[in-house]
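These protein sequences, in sequence, are chains D and V.
According to this note's numbering, the first sequence is numbered sequentially starting from 1.
According to this note's numbering, the second sequence is numbered sequentially starting from 1.
Simulated from the structure, these hints should not be mistaken for lab results.
The reader is advised that the hints may include incorrect statements.
If several chains are the same, the list does not tell them apart, and a pair holds so long as it fits within one copy or across any two.
Straight-line Cα separation of at most 30 Å, DSS-like style, residue types lysine-lysine; simulated pairs [as the list claims (entries may be wrong)]:
(1) K159 with K312
(2) K37 with K352
(3) K83 with K312
(4) K102 with K365
(5) K349 with K365
(6) K180 with K249
(7) K312 with K102
(8) K349 with K37
(9) K77 with K102
(10) K37 with K365
(11) K37 with K362
(12) K102 with K37
2 protein chains.
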Amino acid sequence: MSSRREFLEKLTVSAVSLPILYSPASVLAACDGQPYKGPVLRVAIMGLGSYGNRVARGMESCKRAKLVGVISGTPSKVIDWRKKYDIPEKNCYNYKNFDQVKNNPDIDAVYVITPNGLHCEQAIRVAKAGKHVICEKPMAINAEEGERMVKACKAAGVKLLVGYRMHFEPKTVEVIRMRKAGEFGKTKFFQGQSGFVIGDPTQWRLNPKLSGGGAMMDIGVYSINGSRYMLGEEPIWVTAQEVKTDSVKFKEGIDETITFQMGFPSGAIASCLSTYAMNNLDRFFLNGEKGFAEMQPSTGYGPIEGRTHKGKLTQPHITHQTLQMDGMAQLIFEGVQPIAPVDGEEGLKDLKIIDAIFLAAKTGKKVEL
Amino acid sequence: MSSRREFLEKLTVSAVSLPILYSPASVLAACDGQPYKGPVLRVAIMGLGSYGNRVARGMESCKRAKLVGVISGTPSKVIDWRKKYDIPEKNCYNYKNFDQVKNNPDIDAVYVITPNGLHCEQAIRVAKAGKHVICEKPMAINAEEGERMVKACKAAGVKLLVGYRMHFEPKTVEVIRMRKAGEFGKTKFFQGQSGFVIGDPTQWRLNPKLSGGGAMMDIGVYSINGSRYMLGEEPIWVTAQEVKTDSVKFKEGIDETITFQMGFPSGAIASCLSTYAMNNLDRFFLNGEKGFAEMQPSTGYGPIEGRTHKGKLTQPHITHQTLQMDGMAQLIFEGVQPIAPVDGEEGLKDLKIIDAIFLAAKTGKKVEL
């Protein structure tokens with residue numbers, strides 16, 4: 001039985017993470033070898049679990065973003081992180097006092113990397129403290145929460161960004177570029193398969209209050225988001241079928257396996273699988289009138305591999321979290337948009353689809369969006 | 001725009017079709033280089049269209065089956081075939097007089113390769129004439145017809161076999177063998193994608209009376225049948241979603257694109273795509289607890305290509321129709337069953353699922369089987 005981390009790490013090569021950023025306008029600029037002299041996004045990470053650690057490691061290679069603070073309920077972790085990342089004590093907070101970040105001029109943004117069920121309240125508190133919010137996906141556990149987050153950030157005049165690392169990943173960016181350039185012709189079908197066998201039954205991801213759902217919240221969301229950036233349209237209906245073979249491990253409110261389908265205005269369709277009960281499923285397939293793209297793995301942390309009708313995708317693997325954080329800094333400071341949006345509205349669109357999928361699975365009916 | 005034939009032929013190599021047969025018990029025997037001295041199944045082909053031609057060519061390499069007669073409504077075709085295959089005039093019939101085959105001791109079986117909507121009546125007439133019936137898939141246009149065919153053949157004491165050529169295809173046989181041997185562990189997911197862009201809008205396949213449906217009848221049935229032989233179970237429910245983008249080409253009663261899902265007693269699920277509107281989709285994927293199989297192309301006439309968790313599938317390509325007809329002869333004469341059934345009951349199971357898919361697509365409801 002593989003753990004979530006093992007699954008996503010499986011294909012990671014310890015490539016030197018070059019300090020190259022990728023966003024449409026700046027690739028060449030970033031590769032010119034000149035030292036970066038622009039503004040740096042000073043980030044505090046909230047939640048020092050395994051993914052928080054991964055983001056911190058990725059940020060070591062960033063040139064536009066820097067880890068400067070932490071928010072954690074575990075003092076021993078704070079001590080470790082302070083040493084490892086040279087973080088001053090004044091930039092360290094816990095879950096009770098982090099509203100005080102508003103008085104800290106040395107922190108620009110907080111990256112919320114806590115269990116899904118905590119995102120909404122925590123993000124709103126960060127926004128009220130006047131700091132930009134970066135929130136791990138899924139942005140929240142339902143659209144109602146997502147809407148409150150979007151509103152709160154708007155009211156506070158801060159950015160709300162969601163950790164859609166694939167929107168900065170070079171092979172993914174290339175496929176989206178090809179689609180936008182019409183190289184696939186009219187896109188007609190997307191298939192997403194997202195799944196692995198989840199391990200430790202005591203983890204927060206299997207606790208419905210903390211996770212808001214099972215495989216769908218964790219990895220099904222990759223197929224949902226992927227269908228949108230691959231097809232370039234917003235779905236107008238969803239249907240879904242749920243299967244549960246282990247109701248001990250997967251309690252009420254924790255989906256084990258859901259197949260779901262989405263219809264799009266052009267007539268395109270998506271057919272996806274989200275599961276915590278099958279090994280190593282990580283495949284995207286886009287089919288158009290003039291060509292196709294096939295990516296496998298499509299969303300893991302390691303090198304994405306893929307091919308299109310034109311041949312193998314050969315863009316370099318760069319640590320996704322490095323690209324994401326540099327790209328988000330560039331978005332915040334220069335307004336440079338990545339090839340697919342990473343803002344709160346984008347996160348909210350996925351949450352609305354998740355709500356609809358859960359409703360469709362429960363009722364057995366097609367749900368219009 | 002590719003034609004159906006071009007699609008299915010795409011990967012055919014003109015390999016010498018060795019007179020080797022494949023059925024579980026006889027591979028070694030057939031490869032021993034000894035001349036075959038057993039009984040030969042003497043077959044008349046009904047319907048001399050492009051697939052009839054393909055079967056006839058495949059049979060040239062058979063050692064247990066031989067083309068000895070034709071049934072056609074087109075006298076010029078009969079003349080051509082007589083020359084090409086050295087067929088005596090007394091073994092040639094038309095659609096009016098073919099009941100007289102009952103008085104012909106030189107024909108053992110009739111292979112019905114006519115439009116789907118004609119199979120039922122024609123097969124029953126063949127059965128009543130006392131000849132074994134081999135019927136191209138889909139066996140008929142609905143389960144009610146299929147049941148009548150099964151009954152008629154039983155009453156007449158003749159075999160009813162359906163042209164499931166994949167059940168004799170070496171790589172497919174190997175994957176089924178592996179599944180039966182438990183090499184994939186518990187099988188949990190099957191994905192089938194069957195599609196191509198259909199050409200000529202005047203062909204019988206786009207005429208609902210002759211075809212009984214569109215892509216589903218023609219190629220979706222591969223994913224249906226494949227889900228059953230790959231998972232090794234019978235579905236207990238289906239859901240389906242239909243999308244039509246061209247209602248001129250795809251009239252009422254002709255499905256363009258249907259996504260469908262099937263649930264199985266073990267909790268396994270199948271997620272499939274059947275379409276006449278997308279290029280070159282021909283992929284099977286089977287996922288189990290201990291391994292996987294991926295085949296692409298999975299059902300075309302040319303070499304099947306695939307891999308499993310153990311590596312590339314390297315079984316040889318042998319013309320499917322050769323294997324099928326030799327295997328069917330062996331089934332009829334020796335009772336040797338192929339690795340997955342090819343009888344009327346098997347065809348009927350697929351028809352019941354097709355009926356349920358059409359109902360599910362129409363009503364939007366899950367249909368229990």
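Here is how each hint holds up against the structure:
Taking CA atoms no more than 30 Å apart as the test, K159 paired with K312 passes in neither setting, with 36 Å inside one copy and 49 Å between copies. In the homo-oligomer, the alpha carbons of K37 and K352 never lie at most 30 Å apart, since the shortest distance is 40 Å inside one protomer and 69 Å across protomers. For the homomeric pair K83 and K312, neither the shortest alpha-carbon distance inside one copy (42 Å) nor that between copies (49 Å) is at most 30 Å. Taking the shortest Cα distances, K102 and K365 never come within 30 Å of each other, neither inside one copy (46 Å) nor across copies (53 Å).
With identical chains, the CA atoms of K349 and K365 are at most 30 Å apart both within one copy (20 Å) and between copies (26 Å). In this homomeric assembly, K180 and K249 come within 30 Å of each other (Cα to Cα) only across copies, at 28 Å, whereas the closest approach inside a single copy is 42 Å. Taking the shortest Cα distances, K312 and K102 never come within 30 Å of each other, neither inside one copy (48 Å) nor across copies (59 Å). Within a single copy, K349 and K37 get their C-alpha atoms no closer than 36 Å, and across copies no closer than 69 Å, so neither meets the 30 Å cut-off.
Proximity of K77 and K102 under a CA criterion of 30 Å is satisfied intra-copy only: 23 Å inside one chain copy versus 87 Å between copies. In the homo-oligomer, the alpha carbons of K37 and K365 never lie at most 30 Å apart, since the shortest distance is 55 Å inside one protomer and 60 Å across protomers. Proximity of K37 and K362 under a CA criterion of 30 Å is satisfied in neither setting, with 53 Å inside one chain copy and 62 Å between copies. Only within a single protomer do K102 and K37 lie at most 30 Å apart by alpha-carbon distance; the minimum there is 26 Å, versus 92 Å between protomers.
When each numbered hint is compared with the structure, violations occur for hints 1, 2, 3, 4, 7, 8, 10 and 11.
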